[in-house]
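Engineer: Letter by letter, the chains look like this.
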Amino acid sequence: MSLVNFAAREITCKLVYYGPGRSGKTSNLQYIHGRVPEARRGRMVSLATESDRTLFFDFLPLELGTISGFTTRFQLYTVPGQVYYNATRRLVLQGADGVVFVADSQARRFDDNLESFQNLQENLLEQGIDVRSLPTVLQYNKQDLPAELVLTPADLEDALNFRSVPSFSADALHGSGVFETLKALSALVLKRLAAGNSGESV
Amino acid sequence: MRAIEPWVEGPLTTFLTESSARLVLLMTSAGQVIAQHGFTRSLDVMAAAALGAGIVASTGELAKLLGPSPFGALVHQGTNQAVFLAPFTTPRGRWIGLVVYGKETSLGLIQLFFNRMVEDLSQSAPVEHARRAVLAENFEHELNASLRALFGR
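Residue numbers (the numbering used here), protein chains in the order written: chain A, 1 to 202; chain B, 1001 to 1153.
Everything labelled a hint here was simulated from the structure, so no lab data went into it. One or more hints might be untrue.
[Unchecked claim] Some, not all, of what chain B presents toward chain A, calculated at C-beta under 10 Å: (1) 1031; (2) 1050; (3) 1122.
Just so you know, even glycine gets a beta-carbon here, dropped at the ideal spot from N, CA and C.
The task is simple: from the sequences and hints, build the whole structure.
Structural biologist: Written out as structure tokens, the structure is:
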């Protein structure tokens, strides 16, 4: 839930990057971390295994600037994608204002995408959140791989985007689609806040 | 000290004075910062809050697995300073306190005055809380400009 501080005129929103293991969630944050001026971002915290797989979460705080007179900050989190770590995924998802689902476009990962997307809905429901009410954006990552290895965005739309939420093709390693994805989710989250459907005022 | 509502400042100031803690951070269970004392950079505060909330959430789940009683406070004892981390309930929901303290005080004093602060916060919290409009309808052009500036494009 967004935290709105009227006294200091600040808004803080929590955005979570979700998806199967090795789909590129951490790569999204690493690219953002590398592109954003140091003054506008905090340290990227990664709780990872020795083999650089996300164990608990990655965390990157961003300061967007002033929007409608409010200093607006986003806290970007990733979840561990591996099936084994569902308990920690649930914890990271708590209080999320919006979700980017990062799908791996490789054809051989099709079932993993479906399983992870189903898992997202289950974990949200467990917290009493209907996925239809939560700002969500889909990202079809790794579209830069050879065409014979990946599904097209249209194929992935058919499989995953039955709610017709904003979706973007991406190559998170090199940054293609990363900015667009974050921009779309930011707009959805702030629109929801503006409509008064979210946010804890203090 | 930086607190987001005046009613948090009193109990927090009392706690700081009595306990001699070095750093204090109050956050929601989702890791959103409510108040802090001693941190110098707001973005570092957010990272500390995210990590503190993560520790409390994971040990809470561990407690559920291991037995019927939830864990209380957690203490990480270092050479020169220690970290005290404890969840508590307020009229505004479940919050977490993260306290860093040194040899000038003790765990017993931190625990004692922390519990008092929790009571003070419960008594100080305003009962009614009206929802207010947050963003103007035309915020999107400002959002786009901010994101363009952020990414340099």
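Engineer: Was the hint right that residue 1050 of chain B lines chain A, CB cutoff 10 Å?
Structural biologist: holds, 5 Å
Engineer: Could you check if residue 1031 of chain B really has its C-beta closer than 10 Å to a C-beta on chain A?
Structural biologist: holds, 7 Å
Engineer: Classify the hint on residue 1122 of chain B as holds or violated, based on whether any CB of chain A lies nearer than 10 Å to its CB.
Structural biologist: This hint is violated: residue 1122 of chain B lies away from chain A, its Cβ roughly 15 Å from the closest one there, beyond 10 Å.
The structure fails hint 3 only (numbered hints given earlier).
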